[in-house]
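Visitor: Residue strings, one per chain:
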Amino acid sequence: MRGLIILFVFNGAGLLLHEWVGVPLPSNVIGMLLLVAALFLKWIKLEWVEESASFFTKHMMLFFAPLIAGVTVFAKELSEAWLSVAISVVGGTIAVMLVTAAVVRLLSPAEAEVQIEAEKAQPSQRPLTKEGHHERGISQ
Amino acid sequence: MNAEFLSNPVFGVSLTVMLYGCALWLKQKTGWVHPLLATSIALIGVLLLFDIPYDDYNAGGSVITFFLGPATVALAVPLYKQALRFRKQLLPVAAGALIGSLCGLVFNGLVMLWTGASHSLLLTSLPKSATSPVAIEVARMIGGRPELAAVLTVLTGLFGSVVGPRVLRLAGFRQDAAIGAGVGTASHGIGTARLFADSERQGGISGFAMALTAITTSALALPVSWLF
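Note that the protein sequences, when read in sequence, are chains A and B. So in the working numbering the end of the first sequence lands on 140, straight run, no missing numbers. So in the working numbering the end of the second sequence lands on 228, straight run, no missing numbers.
Keep in mind that a hint or two might mislead.
As the list claims (entries may be wrong) - Which stretches of chain B does chain A cover? Using the computed rule of at least three CB atoms under 8 Å from a CB of chain A, they are:
1. 8-22
2. 180-187
Said to hold, decoys possible - DSSO-like, lysine-lysine: derived pairs with alpha carbons at most 30 Å apart:
3. K58(A) - K88(B)
4. K88(B) - K45(A)
5. K58(A) - K45(A)
6. K29(B) - K58(A)
7. K58(A) - K42(A)
8. K58(A) - K81(B)
9. K27(B) - K81(B)
10. K27(B) - K58(A)
11. K45(A) - K81(B)
Please keep in mind that the hints were generated in silico from the structure rather than gathered at the bench. Built from N, CA and C at the ideal position, the CB exists for glycine as well.
Bound-form chain B, shown alone (with noise of 0.2 Å):
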C-alpha cells in the first residue's frame, strides 16, 4: 500500500499504542501472552498484510523507540532502591554480572566466528545480554547494527525468561542472589519482569544485575570487539 498518511509519525504511533494495549489487554485476560511478543507479531502481521514500507511505519516507529532512552535513565530508580536493600550482596552479585557479561561478550563472538557469520552479525551479536538500549547503543558505537541488536537481545530476553529459572533450578542454584543475577545477567529486562512475577527479591536482585550488566557491556564491548 502507498498513501501519504502512511508515513505521518502519527500513523506509526497511534497504531503501536493501539497493538500494545490490545496484548496488554490479552495478557490480563489470559495471563500468559507476553506483551512484547503479541505487540510485535501483530505489527508485522499488519505491515505485511497491508504492503506497508517499513521506513514509513518507522516515521512513527522512531518516535516510540527515541523515549527508549529516557526508559534507561529510569533503571537509576530500581537500581538505586535495590543498592540499598541488599547490601550484603552487592559484592558478589557484581562480581557475577561482571565475569557473566564478560563471559557473554566472547562466547557470542566465538560462536560467530566458529559457525562463520559475517563480521556485522558478530559485532551486533557482541551486546545481545544487556538490556535493549543499550544494546542498541554499543552494537551502533562498535560498528554492528542497532534494529538487528535490538532483535537479537529481544530474542535472547525471551528465550532466557522462559527457560531461565528452571534451567537454574536444575543446574541445582537455590539463591536467590544466585537466581536473580544469572538471569538479569544473561536475559535483562524482560527476564527481570518474569523474575518480579514470582518473588520480589529475585526480581529486585535481577534488576540490579541488568544494569550493572548495561554498565559492565558498554565498558567491555569496545575492548572484547577488538579480539574480533
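Next comes chain A alone, as it looks inside the complex (with noise of 0.2 Å):
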C-alpha cells in the first residue's frame, strides 16, 4: 500500500508542475523524474516502492489494450493512410534502432572492460548465465 501511495503522490505532483507551473513534459514524465531524483537522494527507499513498481511494470500491457480496442474507432483512417504507416512503423523503427547502436558502438569504451567492469559491479551475478546468454544470442 505504501509502494502505490508513493506513486499516485507522485503523479500528482506530476500533474500539478505541468498544470501549475508549466512544466512543458507530459505529467506522468515529471512523476517519474521526480521519483527518480527522490530514489537518488534516498528520500525514499527502494523497498518501500519496488514491490508496487513492478506490479505496475509487469501488467504495463493491460493498461494499453483499452487504447489499442480504440483503433476500431480508426480503422478507416488507418486503412486510408497504410503506406504512411506501414513505412513510419517499419523503417521508422528500424532506422532508429540502427542509429542508436551505431552510436552507442562508437562512444562505448571496449566490451571486454565493460565486461569486468559489469562482474565488479554485481558479483553475485554466476558467470554460468551470462556465457549461456552469449552463446544463445549468437546462434538465434
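Using the hints, put the two chains back together into the complex; each one sits in its own frame.
Guide: Put into C-alpha cells, the structure is as follows:
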C-alpha cells in the first residue's frame, strides 16, 4: 500500500507541476523523474516502492488494451493511410534502432572492459548465465 | 447491442481484465502468444461481434488506461536500478537514446510528409518510439490524437520486439549496450520485455534507454513539430 501511495503522490505532483508551473513534459514523465531523483537522494527507499512498481511495470500491457481497442474507431483512417503508417512503423523503427546502436558502439569503451566492470558491479551474478545468454544470442 | 449495463464502467473493466487473464494463461500454455496483442484482438472481436459502441465500452476502458499514469511513474524504479548497475555505459547509452529518438521524430515526420499523410496523422506519429503513456501525452500536447498515438506506438513496439534483435545482429552489433539501447529507444516497453526474456543485461539497458527516450521525446517533440 505504501508503494501505491508513493506512485500516486508522485503522479499527482507531476500533474501539479505540469498544470500550474507549466513544465512542458507530460505529467507522468515529471512524476517519474521526481521519483528517480527521490530514490537517488534516498528520500524514498527502494524497498518502499519496489513491489508496487514491479506490479505496474509487469502488467503495463493490460493498461494499453482499451486504447488498442480504440483502433476500431480509427480503422477507416488507418486503412486510407496504410502506406504512410507501414513505412513509418517499419522504416522508422529500424532506422532508430540502427542509429542508436551505432552511436552506442561508437562511444562505448571496449566490450571486454565493460564486462569486467559489470562483474565488479554485481559480483552475485553467476558467470554461467552470462555465457549461456551469449551463446543463445549468437545462435538465434 | 444497446443495453444500459454496457456503459457501466464495471462492464469495460471486467471484460478487459478477464480477457487479459485469458491472454496471460494462453501465453503460459503456448509461450509465444503476445498478451497485449491477444487481449486487444479479443477485445475488438467482442466489441464487433456484439456491436458494442466503443464509447460505451470505454466508460470502463478509460478506468484501466488511467493506471498508465502510476505505471509510468513506476518506471523510475528500473531506471534507478539500472543506472546503478551500468555506470560505465550510461553516457554512450544516453547519447544513443538522445540521437536515436531525435532521428525517430524527424524520420516519422518526413515519412508522413513525403507520403502525403494528413497533418494530424503526422503529429500523431512523431512520438511513437516513446513508451505509450508518454507517446499518448506528447501526441495530446502537440495536437495529435491520443488513441491513434497509442495504436501507432504499440504497432511500433510489436514490430521492434519481433525483428529488433535479429536486425541488429545482422547489422553486426554484438555489444549488449548497443542492442539494448537500440531496441529500447526504438520500441520502448514491448521491445524491452522481449529482451528481458533473453538477457538481463540487454533488458536492463533497454529499460534505461526507454526511460531516456521518454524524456527526450517529451522534450523534443514540441520543437520538432514546429518544423512540419
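Visitor: Does each hint fit the structure? Answer for all of them.
Guide: Tested hints:
1. 8-22: Three-residue rule met by the region 8-22 of chain B, so holds; n is 5.
2. 180-187: holds (count 6)
3. K58(A) - K88(B): Status holds; Cα separation ~27 Å.
4. K88(B) - K45(A): Holds: K88(B) and K45(A) sit about 24 Å apart, inside 30 Å.
5. K58(A) - K45(A): At roughly 20 Å apart (the allowed maximum being 30 Å), K45(A) and K58(A) satisfy the hint.
6. K29(B) - K58(A): Since the Cα atoms of K29(B) and K58(A) sit roughly 18 Å apart, the hinted pair holds (cutoff 30 Å).
7. K58(A) - K42(A): holds, 24 Å
8. K58(A) - K81(B): holds, 16 Å
9. K27(B) - K81(B): Distance ~28 Å between K27(B) and K81(B) Cα, so the pair holds.
10. K27(B) - K58(A): holds, 14 Å
11. K45(A) - K81(B): holds, 12 Å
Violated hints are absent here; each numbered hint is respected by the structure.
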